[in-house]
Structures are given as C-alpha cells and as structure tokens.
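Asks: Going down the list, the protein sequences come from chains A and B. Counting from 1, one number per residue, gives the positions in the first sequence under my numbering. Counting from 1001, one number per residue, gives the positions in the second sequence under my numbering.
If you are wondering where the hints come from, they were derived from the structure by calculation, not from laboratory data. A portion of the hints provided could be inaccurate.
Derived DMTMM-like pairs (lysine to aspartate or glutamate); straight-line CA-CA distance at most 20 Å [said to hold, decoys possible]:
| no. | chain 1 | residue 1 | chain 2 | residue 2 |
| --- | --- | --- | --- | --- |
| 1 | A | 88 | B | 1046 |
| 2 | A | 65 | B | 1199 |
| 3 | A | 65 | B | 1197 |
| 4 | A | 227 | A | 252 |
| 5 | A | 253 | A | 293 |
| 6 | A | 41 | B | 1197 |
| 7 | A | 194 | A | 13 |
| 8 | A | 257 | A | 231 |
| 9 | A | 88 | B | 1197 |
| 10 | A | 93 | B | 1200 |
| 11 | A | 88 | B | 1043 |
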Amino acid sequence: MHTKTNILSLPEEELVYPGNRACAGCALGIAYRIGLKALGKNTIIVVPPSCLTVLQGLYPIAATKLPCLNVTFASTAAAATGLLGALKARNRKGINVVGWAGDGGTSDIGLQSLSGACERGDNFLFVCYDNEGYMNTGVQRSGTTPIGALTANTPIKGKLQRKKDVPAIMSAHRIPYVATCSAAYPLDLYDKIKKALTYEGVKYIHIHTPCPPGWGFEPRYAVKIGKLAVETGLYELYEVENSNVRLTGASEKLMEKRRLLPARDYFRAQGRFAILTDSQIEQQQQEVNARWEAYFNTTEDPDEDTPD
Amino acid sequence: MQIIESGNVAAALGVKLSRAQVIAAYPITPQTPLTEKLSEIIEAGDMTAEYIPVESEHSALAICIAASSAGARSFTATSANGLLYMHEQLHWASGARLPIVMCVVNRGVGAPWTVWNDHQDSMSQRDTGWIQIYANDHQQIIDSVIKAFALAEEVMIPVMVCYDGYLLSHTYMPFDIPEATLTDSFLPPYRPAYCLDPDEPANLNTVTLSDVRTDINGVKAHGYMEIRHLLQQDMLASMDAIERVDSRFKNIFGRGGSPFIESYRSDDARFIAVGIGSLSYHLRDVVDDLRDEGISVGVMSMQLYRPFPYQAVAKALKDCQGVIVFEKALSYGYQGPVCSDIKSALYHYVGPEGSRPFVLNYILGLGGREILTKDLYEGLKLSCTTKPSSPDKPRWIGLKL
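With the rest of the complex left out, here is chain B (with noise of 0.2 Å):
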C-alpha cells in the first residue's frame, strides 16, 4: 500500500512490521516522531511489543541488550547526543554478539548545542562493531529496517540503520508499506542458538583473559583476542549476508538491488561524487546539470558504511580520473572518514600508468547548514575541471568566517 509520510513515521511502520518485541527509548529530537509512533501503535493494540520508556539512552541500550540476550527481538532508536551516551552500550552490544536494531536520525553533536542535520553522530560510531546502513529516502528507510533484523539476526551483530534528520525525518514522501504476510515470511520470529534461560543456565559476557583457556572437560575456550577477530571476520562476511538478504528481499518484494553502493550516471563518468543519504540525491540534480555542460560525472552513494565495501567501492571507482567525496562528517585533525576510506579501498588500485584517481573532500553541511546547489554546483564544477591542489585537506563548502 503506498502512503504518505514522515521518515519517521517510515521507520516506525517497518518495525512494527518486523515484531520487534521490546522497544526502549528515550526522547532526542530529531528521532521523537519515530518513537512517539511506536508507542502510539502499541498504546492503540495494534501491535503486540514491550515499549519501555526509560531514564537515558544508556538504559534504552542496555534494556535491548539484556531483552535481546533473553532471546528477544529488540529495537531502539536516537540520535546525536543521545547515540553518544551509548558509546560503551554500542560496544556491548557488539561484543556480546546481539542482534539489536537502532535507527539513528543524523544529527549534529554538541558543543555547542545544534539540532540539526549531520553525521558526525553515526560517523563516529564507525568503529564499534555495528553493521552501519544508510537510507537515501522514505521507502529505504522502511525497507533498511525489514532488512536490518533479518540481517542481524542471520550475522549475529547489530545494525545501525541511519537516515538524515529533518531532510529525511520530517518530510513527506509516499513510499509503499510491505504487506505483513509478506514480511511475515520474509523475516520469521526470532529464534536465538541461546538464551538465557534457568533450564539451561549459562554466564554471558564474563571477564575473559588475554589469552585462551580450557574449559572444566579440558576443551579449548577463546580468549578475549579470538573472540575480538571472530566479530571481525563475521564482520567481513556479512556482506554476502547482506547481498543474500537485499536479494531475497528484491525478489518478495521488487525493491534492492544495491545494498552497498547505489551508483547515478556513473558508468562511463571521469568523475565520481560521493554523498551519504539525502546528499546523494541532491548531487544527482547537480550532475544532471554537468552533464548537459558536457561534463562526464556520476554520483556513487554509501548505503553501507560498516563493513565497509572496499571491493564494490573500489570497482565502482578505480577506473575514474577524480573522485569528490561530500561529507556531513569530520576526523577531526584530517579529513572526512568517508574520504579517507574510499582512499584506502583504492590504494591497491594503480591504472595503466601508474596513476590512481585523485580523491578530494568537501566538508559541508555540519550542524544543519543549509547546502545550496549553486554551492554543490560550483565546487563539482571545479573538482572536475581543474588540477587539485594540496587534496588531503579538505574543503569546505558554504563555510561563512
């Protein structure tokens, strides 16, 4: 059924799709439409799910966890701040190998305090061990949140699945809400290899040792390090899963088909911008305006951050003269994560002679400042037909000293 409506509310209807069993939350604008839906939708019967309104975003992560580690299917989400005070909850999560799913509504982080739309928030949770997806519109959005639980219940690690606020959040869309029986089969109840459970009692997360130890029968037990390399080997590995899942999804429901890169006019293009979400789409209007200039560029966007898709990624751009990454994200002290990345995934990647594309970055957008398409325009326009100089800086866009 196609309806109209907020991102939000996107994300809200394909958990409730999903079954999510325990919901917690705690209020952080711009997530709260998203919440507020779900308390609404099971508050009203229409859905059969615990909904626990907590103190913090700390408590919200630990109640998926240990909802989660009890064997249920367990939801939450936020945003800036709120992802933030998470930060040791994220690594739990993770580490203990749960199969949680957060949407994250992309805001900007203080200090000082903003409320609008970046991605430092998610940008600087690369690196705990969550499955990172991120949605370019309305109907992504539902669809990312069907698939992430299939996903991470299949891989065993938790997905971030991320969308811009407000761009994304609070407008308006129509997109099409998956039939129940349908996601019904595509995604059954969850049934865990274990959980706790006083039949069959068991010790979760226990203080592990540096190095590996027998068990009372004498067998082999992982210490720290083993466990640490599985979750990055599964890590890795779950991009097959995620190519299974998106392709078992296309064919119920005709929609996918890209889960790591989406790329635009980008086959035969000399150069490639990069954006993440909203961005990405807003580039594309840029580089339809280019190309009746005569300007052969394309726009590759990242529907995958973590694991990151160095191979699609790579493909996708090794063959271009110049690759122009946008980013709503900074490493403080260098550059954008995402630039530094598709850097790292084309280093192995030398042409015939002896060059690689050149890669440059713009910073853009931070804290809600508004992109303007003369602006998109401009700095495309002179990425693509002039020498870069000094490339690992970035640059910046719309910036106002």
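With the rest of the complex left out, here is chain A (with noise of 0.2 Å):
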C-alpha cells in the first residue's frame, strides 16, 4: 500500500499551463492536471478526438508540457501501442506510454482497439474521462450517458438505457489494475495512476468528470456534484488489482459509515435529469441501496460495534 498523498506532498511542477481552452469549471482541468503530475515529464500522451484535443489547445500552441500524439477516435489504445513498439525498437527506455480519452472515444469508438491492446497485454496506462456523453460535439448520448439524462440527441424522454459499465468491461480482460476515480478527489486520482504504473500491461483508470455545460449545472459546482456521486453512491471509488475488487477513498469511507446521501441530492442538482420523476428516482435509489446492502454486508456495522 502506497501511504497516501496530500496537497502538501503534490509535486508543485505544472505539467499543463494555466489559461488553457477547457470550459469554465471543467472538471478535466482538474484531472488532467493532476494526473500529469502523477505521471512526471517522462511520459508520452496520446489524445484521441475529445475535450482534452480541445484543452489542449490550437497549433502552433499547446497547453501540456509533455509530447503528445493526437490521432483519429477510434484509434488511442492502437497508436500507444506503437509508440511502445518504437521506444523499444529506439532502445529508450522507462517512458510511460498514457493514452487519455473521453468516455465516447474509450466505451464506444475507442473500444475494440483498447479490447485489443488488452488482449496483447501491452504496457500501458488508459484514463478514460468519464463527462457522460459526446461534450466536444455539443452533448450528444454516449455509451456511459446515465439512465434518464437529457443529451442534445435524447432531447425529450432522455437515455432509455442504462450506462455501459466499462470498468467491468476491462476487468474482465483480467489486466493486472482497473481503478474508478472521481475528479472531485483529485489526490486520490493521484496516487492510484501511481499505483498503476507499477504494474505491467494494460492498466485501466476511469474517472467521473462533471461537465458544468452539459450537464446543467454552474461551473463553481463541479468538484460539489462529482463528491455527490461518490457520496450519495450512486458512484463507487474502487480498484481491481490482479482481478481482486476493493472500494476504495471515499466509497470505502462510505462502506464503513454506512450513511449514503440520497440520490435524489445529486439528480436535482442537475439539468440533465429534469425530467426525473420521483418515481424514477426512487427506483435508482432502489438499485443503489441493493447494491450497497451487498458492501455492507463484506463489513462489521459500526453502530453494532459500539458499547453501551
């Protein structure tokens, strides 16, 4: 186990420049800049089209201060394999190969070359970004679009389907670390990229990034609403190492007190669920509780194991 890492112990160098073209609020800003410092200066990042092409800037500027290939959408696991494959051919070794996509350019597009590259057992990091839906192309539905959102192609009944659970997907390749995140816990982002990286093979990150634009909320709410997943548990923190499943941060927190936040708190503080209706929602918090009942039930009740 890591010790755990703490605004003090945060690396002070930026690895990305401030006044960059993210989205005022954008809950990226926070990830993408954290994670950079998790993975240092000797790294080579590969962008599929995405938001992050977006914070990334327009040539000749770039707001990352690392090299960086951006290539076609469906293509991010393939190209780190390349770049894998020309490293060792030039003989250059300790760089960390990161492909960082979005939520449609990894659960969708992206998904049979990274299915792939797992398959392979190729040494890399993947971070999907997880704003729920096609944000750069003006919110459009995507695999990991939440039940019952409002997008700008489900404009009216919302998604009628459930989010597509990509994590699972990536454990079941049986790569050595899986790990979900939430841009509101930014240190804890932090130091599970630090954890992935002493693996080899494929290692998988998906952090919950709150989109302020297309999800319907101000922009000074992002770290609020990504804590109001985590919290209300309708979004869990955990890890799988070597296919062993752990909550983790926060969720694990939540496990041992037991206290969720209702579900409601996190729809009705968004847009995109505005036509929830209170049935609905109890229904999901159904399925959140079933759900945890099964957490709780791996542990000890505190409430059990206090004295009189």
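From the two separate chains plus the hints, produce the assembled complex.
Replies: Printed below as a string of structure tokens:
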C-alpha cells in the first residue's frame, strides 16, 4: 500500500499551462492537471478527438508540457501500442505511455482497439475521463451517459438505456489494474495513477468527470457534483488489483460509515435529470441501496460495534 | 542471390532487407502469406523488429502512425476491405507526413464478397496523399519495397507498393535478393528530424485553424490550408526524388530506370495499350501477335500512379493515334480512373492538325474475372483498326450478362 498523497506532498511542477481552452469549471482540467503530476515528465500522451483535444489548444500553441500525439477517434490504444513498439525498437526505456480519452473514445468507438491491446498485454496506462456524453460535439449521448439524462440527441425522453460499465469490461480482460476515480477526489486519482504505473500490462483508470455545460450546473459546482455522485453511492471508487475488487477512498469510508446521501440530491442538482420523476429517482435509489447492501454485508456494522 | 518464390515472399524479404522496426498487420486474403512470412522471420530471430498482431487494419495503421511518429521505420500490408477500413488512417498518415510503407496486395472489394484480384481497392484510395507504386513482377516487388522506404523517408510521404493478388502474390517466379550489405548502404537507418520525445516535447497533429496563426514568439505558423498545400507541392516534387532513388538503386543493383512508366515496343507505335501490374505483361504478348500482323501497337505500364507522372505519360502518348486503357478499376458513373487521368494529361497536347490521340477505356478482370488473351487481342485489334465511337463510355471485356 502506498502512503496517501496530500496537498503538501503533491509535486509542485505543473505540466499543464494555465489558461487552457477548457470550459469554465471543467473537471477534466482538475483530473488532467493532477494526473500529469502523477505521470511526471517522462511520459508520452496519446489523445483522440475529445474535450482534451480542445483543452490542449490550437496549433501552434499547446497547453501540455509533455509530448503528445493526437490520433484518430478509434485508435488511442493501438497508437499507444505503436509508441511502445517504437520506444522498444529505439531502446528508449522508462518512458510512460498513456492513452487519455473521453468516454466516447473509450466505451464506444475506441473499445475495439482497447480490447485488442488488453488481450496482447501491452504495457501502457489508459485513462478514460468520463463526462458521460459527447460533450465536445455538443452533448450527445454516449455509451456511458446514465439512464434518464437529457442530451442533444435524447432531448425529450432522456436516455432510455443504462450506462455501459466500462471498468467491468476492462476487468473482464484480467488486466492487472483497474481503478475508478473522480475528478472531485484528485489526490485519490494521483495515488491510483502512481500505483497503476507499478504494474506491467494495460492499466485502466476511469475518472468520473462532471461537465457544467453538459450536465446543467453552474461551473463552481463541479467538485460538489462529483462528490455527490460518490456520497450518494451512485458512483463507486474502487480498485481491481489482479482481479481483487476493493472499495477505496471516499467510497471505502462510506461503506464504513454506512450512510449514503439520498440519490435525489445528485439528480436534482443537475439540469440533465430535470425530467426524472420522483418514482424514477426512487427506483434508482432502490438499485443503489441493493448494491450498497452487498458492500455493507462485507463489513461489520459500526453501530453494532459501539458499546452501550 | 536468385531464388524462386511467391510475390508475397518477395515483399517480405524486401521488408526484412529494409530493416523495418515496427510491423503491424491484420490478416486478409491475399496479403496473409506476406505477413505470415514476416512473423516467421522475426520469430526465428532472423530480423529484429516488433511484430504486433492487431485486432483490425485500422489499428494496424494506427500502430504504424504512432511508431513512425516516435521515430521507428514502420510497415504494414493489407488488401481490399482492409485497405478501405484504413481509409481515415491513410489520410492521417500522409497529413502527419509519416514515411510509412505499406504493401497493398490488390483485391476486389465487397459487396458482394470477392477475394480475387482487381485494382479497385488501391485505385479508390488515390486521393489520400500516399505515393502509389505498382509492381509488374516479383523482382519489382522486392525492389520497390526497398526503394519505397528510401523514398518515403526522403520526402516524408507514405508509400503504397501495390501488386496483384494471386497473379503476383501467390505465383512463383525467379528473382534476385539484393545483398544485405548493399541494401544497408542504399537505405541507412531512419533518422527523423523530429520524433516524440519527453526531452523535447511537442504536440503533434493538433487542431489547426483555417487561418495562419502566430506562435508564442510571434512567429507565423501555417494554417490547415498551408499544411495541405505543402503536401501537394511535396507530392509533385517527389517525382524528382523518385527518379533519384531509382537511379541510386540502379547504380548499386543494376535494375530499374523506368520509375514512372514502362514502355514496350512503343517507340514507333501508332497505338498504345495501357495497363497496370501483371496485366501490362499480358498485353505485351498480345502486342507481339498484333505486331506480327503489321499493326503498329505498343504497351505502356503505369509504375507510378500518385503522384501522377503526367509529363512522362503525355510524352509517351501524345504523338500516337490512339491510346487504349485497360483497367481493373472503375470510378462508378464515369470511367476507369487511369483513363481519366491520361486524358487530363493529354489535354494540353494538340497535334499539328489540331488533333489529339483518341483515348479508349476497357474495363476487365473485376473480381478476378479471367482475362483471356483472345479477348485482349480482339479488343485491342478492333480499337486499332476501327474509328472509335462514344469514346467516353468504357467498354467491357469478358462480360456475360
């Protein structure tokens, strides 16, 4: 177990320039900034079309102080493999290769090449920042858009299907390390990236990334919304290390405390869930309760431990 | 050393001699024996390269794009729908100015499925910004692969080496394997001006605006259109590089000398038949027969299709009476693409009596339809002996409606 990083032990050097082109309140800005601190300078990043392409800036100006290869939408993981091949051929050792894609570039169009790389066991880190839709193109639904969310192409009824569980798909590949994170908990993200880099093979980190314009909340609430997703139990922070699953960070604490905030608090804080009825929210609450009941059953009830 | 082997093995040996460092490929008929041979050579330890068995052609070219961006000599090969699946990556590789070399083992495209030879796959990719070389025999395949790496790395434009599926890929012919010490001096290791490196970070293929823009030091940087214009200029200028590479190769290995077109019995010919790949050799046999009958006819094969060697083509054809273009590809709704390009190249050349050669188009051999010598003979003889009618409409050979 690594010692937990705190705000004082975080590296001071910034690898993302301030004043980049992300929207106000973009949680990707937090995740990317802290993520690159964890990766360090000896890193090459692969980026498919996504909000990150925009954040990076417009030629000839770039916001990232790392070498970065922009690639076609479907090919992030394959390009990462190509970089590894070239680095090996040129005998360059100790360079982190990282694919950093959005949820569309991971769960939809990028899934085939990612699955191929997992099966081959190529040695790179793949980060998916999940803002739950095609935000860069104007907020269309993606595979990871949650059920009930209004998007530009689910404008009246909201999305009718469930969110695709990408970390589970990745775990099914038996890769050595899968972790979920939230941009609202950047130090947890930092530590998980650090840990991921200690493994050989494809490592996968999935970051829940609140999006003010896409989700319908004020820019100042990005962290608050991110924390609500975790504290309501709707989004769990966990690690899968060599197929062993374990709740981590804020979710682990939630399990210990056995107190979830109402799911309603999360849904009602965002414009995209405006059409959810009370009974639909209640149904989602029941699902969260059932899922967390299983987690609670794996631990002792703190209330029962308390002596009278 | 002379050996007798298949065209696919000739290509694989060319890649081995070129010391490609990263090879990614997805199996598709009739390319498979080429990449199987490469994996065998690498697994046996006879070649040091990363062989990456990918899950799609799209990923195969993604790997070459990234590996090339990180400074490695990269190779892939495909056919037919595999090439079409790479389509956006083809544009990406040329736009990013990466010297990737790819063999295209020509095959017809679906639907309906066909696995047999025609040229629709590579011809339909002519506008992707890749240099396209066509080989007529096994010797040209191995030589072209080696020359392609030298050319690509000189002009920083990717190169396709195309050859006929089955007719060349699966047939056995004698050919010479160049000496490795000589190919090493002909093709030194790849040393790019820039490659991705944490010690010298750069952001490649960034979003680029319509207009030019200054960098942080106030220096003007190109906009999208300038970058594309330079690709066009460099593509046209690459014809000089193609001649240089070819002549350098000829000086060392004694083969080559006709990198744009190959002419056969054409010097005095009143009519010239045009073909690509193995078809051009087939046409030579037919021309020999017609010559015996006193018909003044020759053959021109297109060795290079993009950049289009318009000056060499016009020079070879402008003074004859008729050009008959035999094609295994079609731009649906018009005619064969080579026919259109040849007409375009001849447009500025008007003879003393205000006339140009007529240009006729025959479509044949699609999806591997057998090309009978008898049919070529009759089509060519008819074209040389009767006044052509509706020349813009391609005629079909071997059609059985």
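Asks: Next, verify each hint and record whether it holds.
Replies: Against the structure, the hints:
1. With a C-alpha separation of about 17 Å, the suggested pairing of residue 88/A with residue 1046/B holds against the 20 Å cut-off.
2. A distance of roughly 10 Å separates the Cα atoms of residue 65/A and residue 1199/B; the hinted pair therefore holds under the 20 Å criterion.
3. With a CA separation close to 11 Å, the supplied pair residue 65/A and residue 1197/B stays within the 20 Å bound.
4. At most 20 Å may separate the alpha-carbon atoms for a hinted pair to count; residue 227/A and residue 252/A meet this at roughly 14 Å.
5. Annotation: proposed proximity of residue 253/A to residue 293/A holds, straight-line Cα distance about 15 Å (limit 20 Å).
6. The straight-line distance between the Cα atoms of residue 41/A and residue 1197/B is roughly 10 Å, inside the 20 Å bound, and the hint therefore holds.
7. For the hint pairing residue 194/A with residue 13/A, the CA-to-CA distance comes to about 16 Å; that is within 20 Å, so the pair holds.
8. Our distance criterion of 20 Å between C-alpha atoms is met by residue 257/A and residue 231/A, whose separation comes to about 11 Å.
9. Restraint check for residue 88/A and residue 1197/B: the C-alpha separation of about 13 Å stays at or below 20 Å, so the hint holds.
10. Pair hint residue 93/A plus residue 1200/B holds up; C-alpha atoms about 16 Å apart against a cutoff of 20 Å.
11. Of the pairs offered as hints, the one joining residue 88/A and residue 1043/B holds, with about 16 Å between alpha carbons and a cut-off of 20 Å not exceeded.
Violated hints for the displayed structure: none, as all numbered hints are satisfied.
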